[in-house]
Amino acid sequence: MIQANGLTKRYGEKLAVDDVSFTVRPGIVTGFLGPNGAGKSTTMRLIVGLDRQTSGSVTVNGKDYRQSPAPLREVGALLEAKAVHSSRSAYNHLRVLAATHGISSQRVMTVLDLVGLADVGRKRAGAFSLGMGQRLGIASALLGDPGVLILDEPINGLDPEGIRWVRELLTSLAAEGRTVFVSSHLMSEMALTADHVIVVGRGRVIADVPMQQLIAGASSGVVRVQTPGAAQLAKALARDGVTVSQDGSEVLDVTGLSAGQIGQVALDERIVLHGLAAQEASLEEAFMEMTRDSLDFHAHLQDETPQETAV
Amino acid sequence: MTGTATASGSATGKTPAPTWQSSGSGLSFPRLLRSEWLKLRTLRSTWITLVAAMVVLVLAAGLIANHLHGNLVDPGRFGGDRGDRDVLTTPLRGFGLTQLVVGVLGVLAVSGEYATGMISATFMLVPKRLPVLWAKLLVFAALAFTAMLVASLAAFFLAQAVLGSYGVGLGAHHAVRVVFGLAGYLALVGLLGLGLGFIVRSTAGAIAALVGLLLVAPGILAALGTSWATTISHYLPLNAGQAMFSNTPATGGDLTPGGGTLTMLLWVAAGVAGSVFVLQSRDA
Numbered sequence: 272m273i274q275a276n277g278l279t280k281r282y283g284e285k286l287a288v289d290d291v292s293f294t295v296r297p298g299i300v301t302g303f304l305g306p307n308g309a310g311k312s313t314t315m316r317l318i319v320g321l322d323r324q325t326s327g328s329v330t331v332n333g334k335d336y337r338q339s340p341a342p343l344r345e346v347g348a349l350l351e352a353k354a355v356h357s358s359r360s361a362y363n364h365l366r367v368l369a370a371t372h373g374i375s376s377q378r379v380m381t382v383l384d385l386v387g388l389a390d391v392g393r394k395r396a397g398a399f400s401l402g403m404g405q406r407l408g409i410a411s412a413l414l415g416d417p418g419v420l421i422l423d424e425p426i427n428g429l430d431p432e433g434i435r436w437v438r439e440l441l442t443s444l445a446a447e448g449r450t451v452f453v454s455s456h457l458m459s460e461m462a463l464t465a466d467h468v469i470v471v472g473r474g475r476v477i478a479d480v481p482m483q484q485l486i487a488g489a490s491s492g493v494v495r496v497q498t499p500g501a502a503q504l505a506k507a508l509a510r511d512g513v514t515v516s517q518d519g520s521e522v523l524d525v526t527g528l529s530a531g532q533i534g535q536v537a538l539d540e541r542i543v544l545h546g547l548a549a550q551e552a553s554l555e556e557a558f559m560e561m562t563r564d565s566l567d568f569h570a571h572l573q574d575e576t577p578q579e580t581a582v
Numbered sequence: 017m018t019g020t021a022t023a024s025g026s027a028t029g030k031t032p033a034p035t036w037q038s039s040g041s042g043l044s045f046p047r048l049l050r051s052e053w054l055k056l057r058t059l060r061s062t063w064i065t066l067v068a069a070m071v072v073l074v075l076a077a078g079l080i081a082n083h084l085h086g087n088l089v090d091p092g093r094f095g096g097d098r099g100d101r102d103v104l105t106t107p108l109r110g111f112g113l114t115q116l117v118v119g120v121l122g123v124l125a126v127s128g129e130y131a132t133g134m135i136s137a138t139f140m141l142v143p144k145r146l147p148v149l150w151a152k153l154l155v156f157a158a159l160a161f162t163a164m165l166v167a168s169l170a171a172f173f174l175a176q177a178v179l180g181s182y183g184v185g186l187g188a189h190h191a192v193r194v195v196f197g198l199a200g201y202l203a204l205v206g207l208l209g210l211g212l213g214f215i216v217r218s219t220a221g222a223i224a225a226l227v228g229l230l231l232v233a234p235g236i237l238a239a240l241g242t243s244w245a246t247t248i249s250h251y252l253p254l255n256a257g258q259a260m261f262s263n264t265p266a267t268g269g270d271l272t273p274g275g276g277t278l279t280m281l282l283w284v285a286a287g288v289a290g291s292v293f294v295l296q297s298r299d300a
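Chains A and B, in that order, are what the protein sequence lines are. Each position in the first sequence, counted from 1, maps to that position plus 271 in our numbering. Each position in the second sequence, counted from 1, maps to that position plus 16 in our numbering.
None of these hints come from the bench; they were simulated from the model. Check before you lean on any hint, since a few could be wrong.
[Unchecked claim] Below are the DSS-like pairs computed for lysine-lysine, each with C-alpha atoms no more than 27 Å apart in a straight line: (1) A:K334 <-> B:K144; (2) B:K144 <-> A:K394; (3) A:K394 <-> A:K353.
All chains should be modelled from the sequences, with the hints used to inform the complete structure.
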């Protein structure tokens, strides 16, 4: 359980985290979603005490993380992909972390094996690819078998197989009753992984809802029709509660009618249709819509263009 | 996924699993010492740097002793230039380079963590942070002092062997203090580097500060030549250190061996105080 209450972090003039309050509950995967620079990483650093909040408070399992007698068993975190000394081997890196809490080398081997790095455990961490670095970061988060996991963009740099592995790992960790808090700037990825989602933009919480609700809210209700008789069909569809917008000479976007109703009207009017499709609710678009006002610069939208993530 | 601790068995059920209770051993200072020792031990650069520092001191002792031996056998050889003929301390002049190498090792023990991002992992495990400073100081002091004691003993014995009949043994007046004083000074320079690493964080910046303090500052003060500049220069690490392993009585404001040791300890304490301040006030 992670609880933030009025959490605020100011860097000079800039408010990186602005009066943020939320609760991350155990037993489910909670997504932390927002564009780059929205304050996700800063919030996560505040939770584990790497940065100090300007005001407000945040607790892990009801206590200040800094006071924990066993921090590594309290929270496992992947914050920066390479919080690793590049000259040390993966195995030795984990042994260094494990030693602080008297965790055995046996456990180090177990987590190396779990994340699929057993074969390269003796290699310099500096020679690791981004994906291997992420796996090593996840290994260090799991090392203390903690009840709370905080993962900042864990799928960055992973291949499709790795992404699916992380997704299944997060789900199973949550099923064991752990608190799983995972950030991403990819809505589509969160939709597949998270049970609950906290959306942030410009340091503020924009939404804090179950994933199902967010998906339902994202349904656009738009039906796209492609027809050479666009003008004629638009006229035939015109009635109360129906909006028709012409997008190109042969394309209509219709709201207020189902695809079936539109097809029926077209048949009645003997208009040829080349295409008729309900627009799938685009989560990325809903997300962009939600966070657009909160973006620092519009140019950010370039970075936020969703990369296709294979499923 | 296979093999994390307990399988709750309710992964597919409707009822959520009971909240995970973490258990097991916690953080302790002895464990932190072990972790910091592992950190030093598992970097090849630690051993390369340490061996380099030792080799420089011992090799220089052999070469200087050889030169000194020639000087003592045939005093007219260098046109009456008396030079420094103290058989005890002159061969140990290689410390000038060794101190830099040990100081850099101290810097790297900290700045290496900041440069690679390791420091955030370290402070996440030890969120109170100050125990990390204490553990690093202790482990580094033990390693550096041991290595430097071995090196200064080796340098001493090699030099005295080369000097032949002019050489002295460890039983000679001041010999043990010179050997231990040198090792102590070199280890303290390492600790000074460690403190600078915490304060400056960047490798280049901390090394520049170290070189400035050890080598540049004495030169500037000597160039000024004023009486206060001379007074201050006695208290700089280099001169305080030389007082620690000097074989000649302190004259004209020079520090005594005890005074030199105290002054060096104060320099290290200042570095530690600065480290405590930045660790408590700055974000990681």
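Consistency of the hints with the structure:
1. A:K334 <-> B:K144: Between A:K334 and B:K144 the Cα gap is close to 14 Å, so the pair holds against 27 Å.
2. B:K144 <-> A:K394: Measuring from Cα to Cα gives roughly 31 Å; hence the hint is violated.
3. A:K394 <-> A:K353: 15 Å, holds
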